[in-house]
Amino acid sequence: MRILIKNGRVIDTKNNVDDVLDILIENGVISEIDKNLDYKGADIEEIDATGKIVAPGLIDMHCHLREPGQEYKEDIESGTRSAAKGGFTSVACMPNTNPVIDNVTVVEYIKNRAASVGCINVFPIGAISKGLKGEELAEIGELKFAGVVAVSDDGRPVNNPQLMRNALVYASTFDTPVISHCEDLSLQNGGTMNEGYTSTRLGLRGISRASEEVMVSRDIIIAESTNTAVHIAHISTRGSVEIVREAKKRGVKVTCETCPHYFTLTEEAVEGYNTNAKMNPPLRTTDDVEAIKQGLKDGTIDVIATDHAPHHIDEKNCEFERALNGIVGFETALGLGVTYLVEAGVLTMNSLLEKMTSAPAHILGINKGTLSVNASADVIIIDNAEEYEVNVSDFQSKSKNSPYNGWKLKGKALYTIVGGKVVVQDGII
Amino acid sequence: MLDGHKDLLGLKDFTPKQIEEILETAKTMKYVLSQKNKRTAHLQGKSIVTLFYENSTRTRLSFELAAKYMSAFASNVTSSGSSVAKGETLIDTARTIDVMGTDVIVMRHGMSGAPHLIAENVKASVINAGDGMNEHPTQALLDLFTMQEKKGKIKGLKVAIVGDIAHSRVARSNIWALTKMGAEVSVGAPATLIPADLEKTGINVYNSVQEAIVDADVVMGLRIQSERQKSGLFPSNREYSRFFGIDPKRLTLAKLDALLLHPGPVNRGVELSSMVVDGNSSLIDEQVTNGVAIRMAVLYLFTRGGNDE
Numbered sequence: 000m001r002i003l004i005k006n007g008r009v010i011d012t013k014n015n016v017d018d019v020l021d022i023l024i025e026n027g028v029i030s031e032i033d034k035n036l037d038y039k040g041a042d043i044e045e046i047d048a049t050g051k052i053v054a055p056g057l058i059d060m061h062c063h064l065r066e067p068g069q070e071y072k073e074d075i076e077s078g079t080r081s082a083a084k085g086g087f088t089s090v091a092c093m094p095n096t097n098p099v100i101d102n103v104t105v106v107e108y109i110k111n112r113a114a115s116v117g118c119i120n121v122f123p124i125g126a127i128s129k130g131l132k133g134e135e136l137a138e139i140g141e142l143k144f145a146g147v148v149a150v151s152d153d154g155r156p157v158n159n160p161q162l163m164r165n166a167l168v169y170a171s172t173f174d175t176p177v178i179s180h181c182e183d184l185s186l187q188n189g190g191t192m193n194e195g196y197t198s199t200r201l202g203l204r205g206i207s208r209a210s211e212e213v214m215v216s217r218d219i220i221i222a223e224s225t226n227t228a229v230h231i232a233h234i235s236t237r238g239s240v241e242i243v244r245e246a247k248k249r250g251v252k253v254t255c256e257t258c259p260h261y262f263t264l265t266e267e268a269v270e271g272y273n274t275n276a277k278m279n280p281p282l283r284t285t286d287d288v289e290a291i292k293q294g295l296k297d298g299t300i301d302v303i304a305t306d307h308a309p310h311h312i313d314e315k316n317c318e319f320e321r322a323l324n325g326i327v328g329f330e331t332a333l334g335l336g337v338t339y340l341v342e343a344g345v346l347t348m349n350s351l352l353e354k355m356t357s358a359p360a361h362i363l364g365i366n367k368g369t370l371s372v373n374a375s376a377d378v379i380i381i382d383n384a385e386e387y388e389v390n391v392s393d394f395q396s397k398s399k400n401s402p403y404n405g406w407k408l409k410g411k412a413l414y415t416i417v418g419g420k421v422v423v424q425d426g427i428i
Numbered sequence: 000m001l002d003g004h005k006d007l008l009g010l011k012d013f014t015p016k017q018i019e020e021i022l023e024t025a026k027t028m029k030y031v032l033s034q035k036n037k038r039t040a041h042l043q044g045k046s047i048v049t050l051f052y053e054n055s056t057r058t059r060l061s062f063e064l065a066a067k068y069m070s071a072f073a074s075n076v077t078s079s080g081s082s083v084a085k086g087e088t089l090i091d092t093a094r095t096i097d098v099m100g101t102d103v104i105v106m107r108h109g110m111s112g113a114p115h116l117i118a119e120n121v122k123a124s125v126i127n128a129g130d131g132m133n134e135h136p137t138q139a140l141l142d143l144f145t146m147q148e149k150k151g152k153i154k155g156l157k158v159a160i161v162g163d164i165a166h167s168r169v170a171r172s173n174i175w176a177l178t179k180m181g182a183e184v185s186v187g188a189p190a191t192l193i194p195a196d197l198e199k200t201g202i203n204v205y206n207s208v209q210e211a212i213v214d215a216d217v218v219m220g221l222r223i224q225s226e227r228q229k230s231g232l233f234p235s236n237r238e239y240s241r242f243f244g245i246d247p248k249r250l251t252l253a254k255l256d257a258l259l260l261h262p263g264p265v266n267r268g269v270e271l272s273s274m275v276v277d278g279n280s281s282l283i284d285e286q287v288t289n290g291v292a293i294r295m296a297v298l299y300l301f302t303r304g305g306n307d308e
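Taken in sequence, the protein lines are chains A and B. The opening residue of the first sequence carries number 0 in numbering that gives the first Met the number 0; numbering runs sequentially from there. The opening residue of the second sequence carries number 0 in numbering that gives the first Met the number 0; numbering runs sequentially from there.
FYI, nobody ran anything at the bench for these hints, they're computed from the structure. It should be emphasised that the depicted structure is a prediction, and the values quoted were computed from it without experimental measurement. All residues carry an ideal CB built from backbone N, CA and C; glycine is no exception. Keep in mind that a hint or two might mislead.
As the list claims (entries may be wrong) - Derived Cβ-Cβ restraints for the label pairs, each shown as a range:
(1) A:Gly68 x B:Ser74: 26 to 32 Å
(2) A:Glu289 x B:Ser74: 25 to 31 Å
(3) A:Thr285 x B:Glu53: 34 to 40 Å
Said to hold, decoys possible - Okay, the calculated bits of chain A under chain B, using three or more residues with CB under 8 Å as the criterion:
(4) 188-198
(5) 308-322
(6) 396-408
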């Protein structure tokens, strides 16, 4: 079976393509891309993409699939279905599973599970330190050869600066990106939301912005002094944006990501002790949201990742301080990007897609995020015109923890094609 | 049920009129308390359960006595010695209490927002008896009642609150209620004990006890918790007392007839000197009495016309 996608606006940022083109998919790869491709026949499935956007499948370089260990929240089957529904064809999953992805066995397990029950490409991220304990380096070289695309202790910072220095330098030996969750735990000080007027109003312990910014600074200084690369995960404050911007100007090999919640929500979403607005780093202020948008616009922020963090209802329907951090991210990321960045005039559609396709592929060094001929046929067709309402009960994820229920968004994956196989058709998986 | 409010979760959400109604009702209740026979029929046939996840002497006892004086069935649940110790969730515990025919759940919890969580999950009225660092509404109501009783009004009063504002639910409830009622509030504390953006509540924030107290009609001390010192927010009780303790000399900066309040329990010699605790300005015992009256008023108002009637 061959697939012919007709008349879509094809945006392939890696190849600087933005034109109305047809794409032929054959044997799981892009076999031809040109104007007015004319193929007919019983083995051709033609998809009319007139008025729609055709792009490489989205890539999420930061998510939690919860398998192995916490399958009651999510597993590789439900997680990849959730991702496919959101337009993602490749995701990189964080190592804070149980057991931790700090050895070859767990990497193999995830790869096998993804091959047997997953519907998209899954790239494991290995741990920086054994057991995520922050004490000694995991076997990063072996992890790399087993197939991890990066290392990170995400969810926990690497507290010891010398360990971080060793991680950056050692990982560079294997060209393995290091993703840093930036948080100084002593400055975090038991906080559960952003420190500011809202935390004072609600009587919740605040997390200072310094907790994030001190670590962003530290890791940039370590990377600069060792001439190594570092990728900063989920930045949320104006200060972090400015620190990264300055570092990039100096030529430091730093890249960073933010998440949709940091450009769409503020700390006020926590009012009423809304546990679906509890995340780490915490939602910040309007001023931070503006700075994040500016950082996205001027290229300081390279990537939009989801930090997809599914949690069971019992872990959210409880005291705010006891509730776990994070939200379901896959199924709202594209809509939030289109609505709050593209429609709002912050980013062009092309730069939004760049931050969700070619940029993460480049940082992770994976051969994805492009529609080049012979590239694997990971393609999505986006309807960016029709408004729809987010309904968490429609989520493919096992978990429903999202602050966006009822939000009206534009930007939806009508088709998600993975390696030439149609996974989502007309928005239905 | 008070003006459509099923629950008393915090004074942040109440109007001056609603606060006045509670204070006014408490006057009647205080009269009842002064009688030889304290039994009234206000809560006859009602069931009140206190659910306390934190220690308390005066708050829990005053709710219990308030309920009993008004002929309610009053029961206590504490976190030790109940299913809470077996790991039952807060919502499950609250629902269990709810379905036993309980009209009011009076709850204290160490986490801010915990009463809000159970209020959404039970039919009973939920009265917040202190949640984390958020609110302690009946404490602030009894403080306002005491001020009004002694000064005849709240509007225009200068009230100084001194001590650990950052971690104090008493301070927050007082700030919300006093500013709504037209008092002028000043706080005095070391900068580490002032929460972020506090001045946005419309009060005066000082890092000096003297500046906060000057010309005050009411001076309220707050309890200093020793764990604050351990976490490094101030170096020692000795230094705290030296710079922020309220002693007779500092109290002279306030108006001559200023009132001295403290929610208790007091650390004598730390936030207040014993001279001040036992001095003429001190209304600490009166506050405790008024606490019973306020809790009677609250229990009455929130069971009136509610639920199944």
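These are the hints, each one checked on the structure:
no.	hint	result
1	A:Gly68 x B:Ser74: 26 to 32 Å	violated (42 Å)
2	A:Glu289 x B:Ser74: 25 to 31 Å	violated (53 Å)
3	A:Thr285 x B:Glu53: 34 to 40 Å	holds (35 Å)
4	188-198	holds (count 4)
5	308-322	holds (count 7)
6	396-408	violated (count 0)
This entry does not satisfy hints 1, 2, 6, going by the numbered hints stated previously.
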